[in-house]
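Work the whole structure out from these sequences, hints included.
There are 2 protein chains.
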Amino acid sequence: MNIEQRIQAAMERHFNEVMTESTPPTLKAAMRHALFPGGARIRPQLYMAVAMVSGEDAPLITDAGAVALELMHSASLVHDDMPCFDDAQLRRGKTTVHVEFSEPIALLTGDALIVMAYQVLINQSTKKAISRKHANRLLEMMHVLSQGVGAPSGIVAGQAWECESKVDLWKYQRAKTGSLFTAATCMGAIAAGAKPDPWRELGESLGDAYQIADDIRDVIGHVELIGKPVGQDAEHGRPSAAQVLGLEGANKEFQRLIENAARSVPDCAGRHILREMIYKESERLVPQPEYERYLQMVKVNPQRVEKAI
Amino acid sequence: MNIEQRIQAAMERHFNEVMTESTPPTLKAAMRHALFPGGARIRPQLYMAVAMVSGEDAPLITDAGAVALELMHSASLVHDDMPCFDDAQLRRGKTTVHVEFSEPIALLTGDALIVMAYQVLINQSTKKAISRKHANRLLEMMHVLSQGVGAPSGIVAGQAWECESKVDLWKYQRAKTGSLFTAATCMGAIAAGAKPDPWRELGESLGDAYQIADDIRDVIGHVELIGKPVGQDAEHGRPSAAQVLGLEGANKEFQRLIENAARSVPDCAGRHILREMIYKESERLVPQPEYERYLQMVKVNPQRVEKAI
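Going line by line, the protein sequences match chains A and B. Numbers in this note's numbering are just positions in the first sequence, counted from 1, shifted up by 1301. Numbers in this note's numbering are just positions in the second sequence, counted from 1, shifted up by 1301.
One thing to keep in mind: the hints can contain errors.
[Said to hold, decoys possible] Residues from chain A shown here face chain B by an in silico Cβ test under 8 Å; the list is partial:
{"hint": "1", "residue": "Phe1316"}
{"hint": "2", "residue": "Met1320"}
{"hint": "3", "residue": "Pro1325"}
{"hint": "4", "residue": "Phe1337"}
{"hint": "5", "residue": "Ile1343"}
{"hint": "6", "residue": "Val1400"}
{"hint": "7", "residue": "Gly1411"}
{"hint": "8", "residue": "Asp1412"}
{"hint": "9", "residue": "Gln1420"}
{"hint": "10", "residue": "Arg1433"}
{"hint": "11", "residue": "Ala1436"}
{"hint": "12", "residue": "Ser1447"}
{"hint": "13", "residue": "Ala1452"}
{"hint": "14", "residue": "Val1457"}
[Said to hold, decoys possible] In silico BS3-like pairs for lysine-lysine, Cα to Cα no more than 25 Å straight-line:
{"hint": "15", "chain 1": "A", "residue 1": "Lys1496", "chain 2": "A", "residue 2": "Lys1434"}
{"hint": "16", "chain 1": "B", "residue 1": "Lys1496", "chain 2": "A", "residue 2": "Lys1434"}
{"hint": "17", "chain 1": "B", "residue 1": "Lys1553", "chain 2": "B", "residue 2": "Lys1472"}
{"hint": "18", "chain 1": "B", "residue 1": "Lys1581", "chain 2": "B", "residue 2": "Lys1553"}
{"hint": "19", "chain 1": "A", "residue 1": "Lys1434", "chain 2": "B", "residue 2": "Lys1434"}
{"hint": "20", "chain 1": "A", "residue 1": "Lys1496", "chain 2": "B", "residue 2": "Lys1434"}
[Said to hold, decoys possible] Derived list of chain B stretches under chain A, where covered just means 3 residues or more per stretch with a C-beta under 8 Å from a C-beta of chain A:
{"hint": "21", "stretch": "1318-1324"}
{"hint": "22", "stretch": "1444-1451"}
Please keep in mind that the hints were generated in silico from the structure rather than gathered at the bench. The beta carbon of each residue, even a glycine, is placed where N, CA and C say it ideally should be.
Shown next, in the form of structure tokens:
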């Protein structure tokens, strides 16, 4: 079973465990719609890779952390897509939750997914008497996860910065995307009983890279490629690295962040494999042939890039 | 310091501890708006009363549980008041969060309050090395809290039942209101190191009583008395005990539930005090003079009750 399959199996298992027969049927269907089939599941994959190279010794705790991360991410997508934010119709190539079901159900789905993220971790402690070591790991994982999501500097703060008139672009992006990547790498270490701090820089660099990649794809992408409408940053007046740095500047910064991420991987048995994963992921995030093709097109029709950025 | 003052002090302390300087200012202001000044703080009061009569021995853990309960309750109010649900303008006698700030901020405020509820409990475990006993209490409290809030049968499920075409009124009300009352009594016992199960019936009965009281007040109340618009159940076509049982039937059921709650208090040193608190609270919930006055008024003008129910 590779990492992707392991995450998928854990997602199904935990969903069925928490969402009992008595769950209101529409809410349950909406939660399932938000979670399956998933997107790239990049956060739990990163988390699990870190846990594995850190010598994971409690697979059920590792699994629960992966699911918790994906639940938090999915909750934020469901709420971000709602009419009062992005009013998005498409997500992961299918209709968004509020379009498929209703606005009230989308609101509740996000709330329920946040609570469920904690539940899957807490459930690891209640099944049987667990060791003090494992109870502390679970508490520390929840602590880091909350920091990645909550109001002071997590993804909720990232969204809230969009509502402020004065925004520091890096602070905004660090909160909006970077925070959950940092939570992923740190939680991976904790799940394996390792210290989280040496893994912080990897999460931060990859989070920043991922956000910039999103900005770049928002300019160069096609809806078929990324599964959601393009040109959204410009349309919603959101701060974007592609606006501030220009498209070529943003692509350079993206490459620098990927190099930094690869360099930051602490000395460990799987260092080589993890670095290879990072380079492979960077090609998926901003396919360089796609980027070059866009630059060529702009040379022919310069108006288009001005409209999109 | 009485229970009310202790809760207020704990709320302020935890808010300032979690909401650091770097929190986006509008989000922070909106969270404060949702929390201060509070309503009756009935759930944390009930919780704390149970913890005290159960012989609480870890005051910081007790405080954190009270705050967590109030945060979850406040989160549900902020989201319930939003345009896609009740579209309420008033709450606790002042403007609702989406009216005072904006819809996106109200959505994020609810999310952040849910996460913060877990944070205040988790923070008790990270300040210093805590004993295994206390780590387990915190995990168990979070487990019970999640059950009171989450999708299968917590307050989120309660709201979701409103979106179903077929609803079991008691299942709906048990989830919508009862679940967080049950969490309150059970968490109170756990915080004090006692077994939660003997306290379940108290939470269930009081939760049911509180919901019926809400339905009764929705019919007989004045906006000045309850701090939010009346006649909302009828207007939103929500299931209501006052509709099903009639007003007098609902009042009888309310009295029965209060008696049941008082009887269910387990044998403990403070049993007498706790029972007195319950009777006093019941008078606040459905003031019998107010109820009698309404019945008199209906005799004079029978149309009004038909319109309101």
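Here is how each hint holds up against the structure:
1. The beta carbon of phenylalanine 1316(A) is not positioned within 8 Å of any beta carbon in chain B (closest approach about 10 Å), and the interface hint is therefore violated.
2. Look at methionine 1320(A): its Cβ gets to within about 6 Å of chain B, closer than 8 Å, so that hint holds up.
3. Given the 8 Å rule on beta carbons, the hint for proline 1325(A) holds: about 4 Å separates it from the nearest Cβ of chain B.
4. Hint status for phenylalanine 1337(A) relative to chain B: violated, with the closest Cβ pair at about 15 Å, above 8 Å.
5. Here the hint on isoleucine 1343(A) is broken, as its CB sits about 21 Å from the closest CB of chain B, past 8 Å.
6. Residue-level restraint check for valine 1400(A) is violated (minimum Cβ-Cβ distance to chain B is 13 Å; threshold 8 Å).
7. The restraint placing glycine 1411(A) at the interface with chain B holds, with a minimum CB-CB distance near 7 Å, inside the 8 Å limit.
8. At about 5 Å, the closest approach between the beta carbon of aspartate 1412(A) and any beta carbon in chain B falls short of 8 Å, and the interface hint on this residue holds.
9. For the restraint placing glutamine 1420(A) at the interface with chain B, the shortest Cβ-Cβ distance is roughly 5 Å, inside the 8 Å limit, so the hint holds.
10. Of the supplied interface hints, the one on arginine 1433(A) holds, with its beta-carbon coming within about 4 Å of a beta-carbon of chain B, less than 8 Å.
11. The criterion of a C-beta within 8 Å of any C-beta in chain B is met by alanine 1436(A), whose closest approach is roughly 5 Å, and the hint holds.
12. Hint status for serine 1447(A): holds, given a least beta-carbon distance of 5 Å to chain B, under 8 Å.
13. Because the closest C-beta pair between alanine 1452(A) and chain B is about 4 Å apart, less than 8 Å, the hint holds.
14. Interface hint at valine 1457(A): satisfied, since its Cβ lies 5 Å from the closest Cβ of chain B, which is below the 8 Å cut-off.
15. Distance restraint check for lysine 1496(A) and lysine 1434(A): the Cα-Cα separation of roughly 13 Å lies within the 25 Å cut-off, and the hinted pair is therefore satisfied.
16. For the hint linking lysine 1496(B) to lysine 1434(A), the alpha-carbon distance of about 24 Å falls within 25 Å, and the restraint holds.
17. Restraint check for lysine 1553(B) and lysine 1472(B): the C-alpha separation of about 20 Å stays at or below 25 Å, so the hint holds.
18. Between lysine 1581(B) and lysine 1553(B) the CA atoms are separated by roughly 17 Å; this keeps the pair inside 25 Å, and the hint holds.
19. Distance hint between lysine 1434(A) and lysine 1434(B) is fulfilled; the C-alpha atoms sit about 13 Å from each other, no more than 25 Å.
20. The straight-line distance between the Cα atoms of lysine 1496(A) and lysine 1434(B) is roughly 24 Å, inside the 25 Å bound, and the hint therefore holds.
21. Counting residues of the stretch 1318-1324 of chain B whose C-beta sits closer than 8 Å to any C-beta of chain A gives 5, which meets the bar of three, so the coverage hint holds.
22. Only when three residues or more bring their CB closer than 8 Å to a CB of chain A does the claim for the stretch 1444-1451 of chain B stand; here the count is 4, and the claim holds.
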